[in-house]
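Here the structure of chain A is known, so what remains is to put chain B in place on it, guided by the hints.
Protein chains in written order, with this note's numbering: chain A, -14 to 237; chain B, 2 to 270.
If you are wondering where the hints come from, they were derived from the structure by calculation, not from laboratory data. Please note that the accuracy of each hint is not assured.
[To be verified] Which residues of chain A face chain B? A few of them, derived with a C-beta cut under 7 Å, are:
no.	residue
1	68
2	72
3	76
4	78
5	81
6	84
7	87
8	95
9	101
10	125
For every residue, glycine included, the Cβ atom is placed at its ideal position computed from N, Cα and C.
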Amino acid sequence: MQDSFSATQSEPAALDVNNVAFRYGKKNALTGLSMHISPGELVMILGPNGAGKTTLFSLICGLFSPSTGTISISGHPLLNNRSKALAPLGIVFQSQTLDLDLSVSQNLFYFCELHGIPRKLAKQRIEIALKRMDLHSRADDKVRALNGGHRRRVEIIRSTLHEPSVLLLDEPTVGLDIPTRAELLEYVRDLPETHGCAVLWATHLIDEIRSTDRVALLHDGRKHHDGIAQQLVNENGATDLPELMRMSGLPA
Amino acid sequence: MNQYQRYLSCFIGIVKRELLRFVHQRERFLAALVRPMLWLVVFSAGFRAALGLSIIPPYQTYISYEVYIVPGLIGMIQLFNGMQSSLSMVYDQEMGSMRVLLTAPFSRWYLLLCKLLAGVLVSIMQIATFLLMARVVDIDFAYSGILYALPVILLTGLMLGSLGLLISSVVKQLENFAGVMNFVIFPMFFLSSALYPIWKMRESSDLLARICEFNPFTHAIEAIRFAFYGQFNTLSVAVVLTCTVVFFSVACWSYDPARRFRAGRTASA
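Chain A extracted, bound-state conformation (with noise of 0.2 Å):
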């Protein structure tokens, strides 16, 4: 089990997870879970259902307490200093949060209230958001009235207004067709950049993966290899990343 990334590095990290476990009653959902990520990287959580991936970010995001172990965001312990872990995090969860019966610009208003961001500076942002992402011209249409897509992309929109220096992404193209997921896919990768926050996007879908990203390899609660993809493939004798999974008993 490579573990080269976990907690050894001095930078402060944008993300700590140190030895995390969580248990669903008596079904162990993670196992001794460490995950260190530097402000400004891009880490691929890639796992199949049921691997730990939506508990995992349960629990960064303080839904769930982990049953021992404990997170930091930006260095504010998540268990001491609740207010000040998650002020710079942001979240796309699984699957839809928005308010159907609000509006587009409601809905984005309200998260900007919520994370106390002057009315004058979230409708800047919110502006600039919307036409970055072609959805200007639907900004007072109801939710209920958006596809499947124009709802993500809303809510990825939501998930960088407070500029978080960590973004959690929880399978966001599932359910997407293929140019709207390129398209999403693309658009995170840049956020790194033009945001500067670390983004950990939770996948089990291989093709979303480059061989240059760090990635995560997440079964049964444990996490089985982390590293740069293709330097994970070659260390570990496979031709690829699906031969990779395979190799280490996952559903590839």
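Same frame as chain A, but now just chain B:
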């Protein structure tokens, strides 16, 4: 923004969302207005003939039945609104928007308190509209007491909202709300002094009258009734205050992330 402004911004955001949702859901808006008026105009017309009222505190003279049930109907608006908020929180949990709220960078108790206060403000708007409509149909009661009653109405709203919050932390699916209607709303409403004085209930059953006396909803209504006549019902206000603290504390405990999964919740939060 300093820290206090951020707290205020969060509160305003939650209140605005509640108001927008209330206005957008026209059926809910209409039902909230029609329900108490139906009781005031139709139900009381039939009940007045069957029920004789004696002079009981805080009243100092004979009053009409319509005047008697106004505090009860105010309580009913708050009870239904509390349950509606609860229903909406379960809906938010199922739809996922609750996660957006619970991951905001504030203490969980503060976020729940904001949500609670937002629901109470919506209920106060409904009550104001109801009192105006009652005036239109010539219901003559102590309008001067509204100012006295306002803080009490805020408190009773908090108690019933906290109960709703508590229920939303226990009920996992919208389908289970039929049970809440049958086992919470109806017993609370009918086993109270909302529609008939407790002494009248005692004439038919001493046991039921005793249950009415222990019902926190009875105390909510009596606190409002006395406040309308510029009087302070210490016992009722104390009961309402205690219940508010207990319901809200248990709800916060129940929404605590460390115990939610133990209660069988999934990642839907």
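Results of checking the hints against the structure:
no. : hint : verdict
1   : 68   : 5 Å, holds
2   : 72   : 4 Å, holds
3   : 76   : 6 Å, holds
4   : 78   : 6 Å, holds
5   : 81   : 6 Å, holds
6   : 84   : 5 Å, holds
7   : 87   : 6 Å, holds
8   : 95   : 5 Å, holds
9   : 101  : 3 Å, holds
10  : 125  : 13 Å, violated
Hint check: a violation occurs at hint 10 only; the rest are consistent with the structure.
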